[in-house]
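Peer 1: Sequence lines, in order, name chains A and B.
To convert, note that position 10 of the first sequence is 9 in numbering that gives the first Met the number 0; the numbers rise steadily by one, no gaps.
To convert, note that position 269 of the second sequence is 268 in numbering that gives the first Met the number 0; the numbers rise steadily by one, no gaps.
Think of the hints as simulated: they come from the structure by calculation, not from any bench.
Treat the hints with care, as some may be off.
[What the hints assert, rightly or not] Counterexamples of contact, computed for chain B against chain A with all Cβ distances above 12 Å:
#1 Met0
#2 Asn1
#3 Ile3
#4 Ser4
#5 Glu130
#6 Leu169
#7 Arg175
#8 Asn179
#9 Asp198
#10 Val199
#11 Asn203
#12 Lys215
[Unchecked claim] With beta-carbon atoms standing in for the labels, derived distance ranges:
#13 Lys53/B with Gln41/A: 21 to 31 Å
#14 Lys215/B with Phe11/A: 27 to 37 Å
#15 Ser56/B with Leu18/A: 14 to 24 Å
#16 Val6/B with Ala231/A: 33 to 43 Å
#17 Gly25/A with Gly108/B: 30 to 40 Å
#18 Asn221/B with Ala10/A: 52 to 62 Å
[To be verified] As a list, the in silico PhoX-like pairs of lysine-lysine whose alpha-carbon atoms are at most 25 Å apart:
#19 Lys133/B with Lys47/A
#20 Lys189/B with Lys79/B
#21 Lys47/A with Lys134/B
For glycine and all other residues, C-beta sits at the position ideal for the given N, C-alpha and C.
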Amino acid sequence: MVLNELLAPLAFSFGYAALNLCRTVGCFSLFIAQTIRVAIVQRPHVNKLLAQLNAIGVNSFSVIFLTGLFTGMVFALQSYIGFQRVGGTQYIGSVVALGVTRELGPVLTGLMVAGRAGSAITAELGFMRITEQIDALVTLCINPLQYLVVPRVIAGTLALPCLALFSMAFGVMGGYFMCVHILGLSPEDYVSSIRSFVQLGDILSGICKACVFGFIITTVASYKGYHAHGGARGVGIATTQSVVLSSVSILVIDCLLTRVLGGL
Amino acid sequence: MNIISLVNIKKRFDKRWVSKGVNLDIPAHQMTAIVGGSGEGKSVLLKLIIGLLKPTSGQVLIDGVDIATLTEAELDEHYKKFGYVFQSAALLDSLTVFENIGITLLEQGMSRRQVLPILKEKLALVNLKEECLKKYPAELSGGMRKRVGLARTLVTNPEIILYDEPTTGLDPITTRVIHNLMHSMQQRLKPTALVVSHDVEIFNYADNVALLQDGKIRFFGNAKAIWQSENPYIYQFIRGLPDGPIETDPGIIEPSGTRVIPSRFWKRSFTKKNRTEL
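Just chain A, with the same shape it has in the complex:
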């Protein structure tokens, strides 16, 4: 009897949480399905798409430059410490390039864009929701998904691979700078090692990951903003949730994609 009294609230809480999770997953899946349908059926706004490419892509460039460059430099330095012990410093170039193209480039780009552009998307759409601007679009016979969400999702999916490419390039350059100009290694070793071991498939694998990350960031950010409620506090909560969910999703899906794209 006492055990029942203790377990009942626990079971209730667990059931409630499970139902909430199912509802959220269902709503999010429907949101994605509707966004894709609208993107296919209705012509996207070119001007809005370009504006979002600028907001998500061009405006994130400086962050990506710094992240890529310093990641490459630190990666090269750490690799140098390890390889020096076993006498394989001539392979540092390929290790840095493989790490940056297959993994660090797309993942760090995704995390940076989730923090910078994803939060901005959620905050903007959330504010539009609580100030009835989205309702206003509906009453004016304008589909808010087509007007607000589709340009952001397409722009994110297109911008992320480009940013990831830059991140990869800056990472390799950072590694080169560290190895050649600071650690005093031979530039020929660094370059020839990359030429010998890095293949086109490694870069394609990174670009594929970045595409998926771009889609995830923008759909999660748009969904959270689109369904924000509860005034300024609600928008703040939605923005935090958006960044956390996008970041965690990137890391989890990266693991799956690495397995799937391993053959590339």
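Got chain A sorted already, so can you dock chain B onto it with the hints?
Peer 2: Quick look at chain B alone, frame taken from chain A:
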């Protein structure tokens, strides 16, 4: 002839019932005001009529058609009949006044050059100058924002205009200007107008008035004769009396038995003489 009919509308948010069985027929080509206390669900009724919210039970009939039965395409046609003036104007911050007012036409594929003369005509209707077309909503005063919202609504020549507290937060002069504007448009364009308001001045402009209280319509009748109404709900509401069938904050009962409403109580209590008694 009634263009909008609400049939036993009930609406619940979580555990709270906002509408508890609203029955209301809105006559065509007339202005009907819905009045009632804060939180009585007046704005919710407007959102149910336009379809932004779905009723928990009951029917919203527009021209005799239940909007719950409409397909997505039919719902788009349904929206074309309506204009909705939001309480906050709900202008899109990132767009200029030109783009805000002309958004529907621009989205239909019209060029800015084609849209301009239509916008000028609508601007004249709401007494706004052309110079404001280049401004952003953040650069406008509250009254101007409301007028821009009204102009945006008029662009599609709607048959039905829903006003959600169009004068809230405005000074008395701007309130009068907005009311006159609504009245003159009503005379000229003859739409079916439904106005949610707290302002008793709306009775001077509306044809009919409906009093919403405790989730139900307590009174529906001619707005011009409202001040002579013997209906106890109307009598109490339009005079702002604390005593009557509409429950208010209980306030303070003085030893004499007189009820003091909170605002008066605080004013009295914080005088020097009474401060020590608190």
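Peer 1: Determine for every hint whether it applies to the structure shown.
Peer 2: Evaluation of the provided hints:
1. Met0: At about 24 Å from chain A, Met0/B clears the 12 Å cut-off, so the statement holds.
2. Asn1: With a cut-off of 12 Å, Asn1/B remains clear of chain A, as the shortest Cβ separation is near 22 Å.
3. Ile3: holds (15 Å)
4. Ser4: holds (20 Å)
5. Glu130: holds (24 Å)
6. Leu169: Non-interface label on Leu169/B holds, nearest chain A Cβ at 18 Å vs cutoff 12 Å.
7. Arg175: At roughly 25 Å from the nearest Cβ of chain A, Arg175/B sits farther out than 12 Å, so the non-interface label holds.
8. Asn179: Nearest chain A Cβ is 24 Å from Asn179/B, so the label holds.
9. Asp198: holds (20 Å)
10. Val199: The claim holds: Val199/B sits with its nearest Cβ about 25 Å from chain A, beyond 12 Å.
11. Asn203: Holds, because the least Cβ-Cβ distance between Asn203/B and chain A comes to about 27 Å, which exceeds 12 Å.
12. Lys215: Non-interface label on Lys215/B holds, nearest chain A Cβ at 25 Å vs cutoff 12 Å.
13. Lys53/B with Gln41/A: 21 to 31 Å: The hint (21 to 31 Å, Cβ to Cβ) holds, given that Lys53/B and Gln41/A are roughly 24 Å apart.
14. Lys215/B with Phe11/A: 27 to 37 Å: holds (34 Å)
15. Ser56/B with Leu18/A: 14 to 24 Å: Once the Cβ atoms are compared, 23 Å apart, the range 14 to 24 Å for Leu18/A and Ser56/B holds.
16. Val6/B with Ala231/A: 33 to 43 Å: Between Val6/B and Ala231/A, where Cβ atoms are some 38 Å apart, the hint holds.
17. Gly25/A with Gly108/B: 30 to 40 Å: At roughly 35 Å between Cβ atoms, Gly108/B and Gly25/A fall inside 30 to 40 Å, so the hint holds.
18. Asn221/B with Ala10/A: 52 to 62 Å: Between Asn221/B and Ala10/A, where Cβ atoms are some 58 Å apart, the hint holds.
19. Lys133/B with Lys47/A: Holds, at about 19 Å.
20. Lys189/B with Lys79/B: holds (17 Å)
21. Lys47/A with Lys134/B: holds (20 Å)
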